[in-house]
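Participant: In case you want the letters, here they are:
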Amino acid sequence: MALYNEPSPLETRIVSRLFGIPNSHTLDVYLANDGFKAFQRAVAMKPEEIIEEVKVSSLRGRGGAGFPTGLKWSFVPRTSPKPKIIVVNADESEPGTCKDRLLIEYDPYQMIEGMMIAGLAVDAKVGYVYIRGEYRYLIDHFENVLAEAYSRNILGKNVLGTGINFDIHAHTGAGAYECGEETALLDSLEGKRGIPRMKPPFPAVAGAWAFPTLLNNVETYSAVPAIIRDGGKAFADLGIPKAGGTRLVCISGHVNKPGVYEVPLGYPMMKFIYEIAGGVRNGKKLKAVVPGGSSCPILTAEEADLNMDYDSLAKVGSMLGSGGMVVLDETTDMVRFALRIMRFYQHESCGWCIPCREGTTWLKKVLTRFDEGHGREKDIDLINELAKNMLGRTFCALGDAAALPTISIIEKFRGDFEKKLAASRELVGV
Amino acid sequence: MDINKMTFSPQLEERFAKLLTAYPTGKQRSAVVPMLMYAQDEVGSVTPELVQEVSKRCGVTPLQVEEVIGYYSMLHKKPMGKYHVQICTNISCLLVGGEELWERATKTLGIGHKEVTADGLISLEEVECMGACSWAPAVEVNYDFHHFVTPEKLDQLLADLRKTQ
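From first to last, the protein sequence lines stand for chains A and B. End of the first sequence = 430 in the working numbering, gap-free, step of one. End of the second sequence = 165 in the working numbering, gap-free, step of one.
Keep in mind the hints are simulated off the structure, nothing from the lab. Incorrect hints may have been included.
For the chain B half of the interface with chain A, some residues (derived, Cβ under 8 Å), not all of them [unchecked claim]:
no.	residue
1	A22
2	V68
3	M130
4	Y143
Heads up, the beta-carbon is just placed ideally off N, CA and C, and yes, glycines get one too.
Okay, chain A solo, but in the shape it has when bound:
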């Protein structure tokens, strides 16, 4: 089972409000905490009104891309005669990210309620939760929750006496980072290799089994009950303009209190690291921050003095990503760090697009050589050039995800590479 850290008094707990309460995953605890009030309210609303409320909330996708959720919902052709499908992306595989498992473990009904409200908004009667294979304990746990939900008439026919039918199924992945990409996830859900699809058509029009499909992250669906219950405006007001509400940030690496904490959009990063997560371990100096999962360009300590929102991160050339923040202290070897990132992307590239398949393989080779002390001076620029040649040349974002952090590390920590080069030269007596 996952661990839940001590909460910080500085948090604003919306999606994590039940974390830490005994048996928070059970229906009775959920019902005792306003559970399914939002669904009851949504039943009385028109679908357009539900979508409008989500738009007002300024909720943006919590999986990494940050696309406005209400807008995404409005793309699903709800009047189409085809069945519509709700899919939850619980493939959580972006290095540094470990929040969605907590939402399913500690408050699964919140996500279920969010899926059911989404079902009302887009006229879907079935939902699939795609959970990564490594989280088997979570799949078993979630299937028990589903069994309880069916036995208590939360799911199935005529749910809660509303005349509405809704089914949810858990689907296990089997180990593939690529399946977190939405179209690859759909191929995987269909029983194939997870390879990204050409877009358009977008999943909203032709997704799972070519049916109109609404696909969001666990945390995105989990935010919906609060939005419908307390109003989109209340949620929006917690954050900043165009980026409403709160989000879970998973902090790891060289900090005193690693954990998963919920803060409003726009929260100061330094305050988060030093006051909520207890600051850098062993009194060391901060060297760099990966702001939201390994695919985000790295920030220097100076750059990290910003607010955690989409625009502020974009200004320094990075992204808010999936909420996986990794803190690096002054002792970190950036060559090794860059290599480990590249080894990951090389392993996970599905091989469909040549720039990604070949680019990650060559970058891994050059970075390995460099790390082992056989680097050449021109390798530093070679790494940069190889990475830049991948940018924008692939179907999905995995190519960019491998290239962007690499470019940022080379450009911001070139000194680490030069130092390693000098050290390896000394070693061989050149």
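Assemble chain B onto chain A, guided by the hints.
Facilitator: Here is chain B on its own, set in the frame of chain A:
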């Protein structure tokens, strides 16, 4: 190849039955990967017989089953150890000793990546991020997570696996 129907535990049969009704009519290919994952735990690996069985049950060709096996890292054609020890060395774990744990485990057990001890008890795999970043470094034994693993805890863990065989 004429292969008799494989037999599975009632629990697994129940899971299979559920899987075959979970997807829209005619879309039973969706059950292929989950079936392989669940069956692998019982059979020990994805055997040729299992490929045939899953292809029959899902109404797809054996080739359509074969093609996913090479893609998903958790599907194994060869049996792993009774205890499959997976050590994460991705960035969050790397920063707090994941690589040291990996080195230590390979030395202690005398096996490498995706290798099994001679007695078939323990296998090792250096894995990518398992989503335990805030509780790093992390090790997963079969499907059980171990968090904040120190070298001493790893030694203890491996010793315990030997004892409980």
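Participant: Against the structure, test the hints numbered earlier, and report the numbers of the ones violated in rising order.
Facilitator: When the structure is compared with the hints, none of them turns out to be violated.
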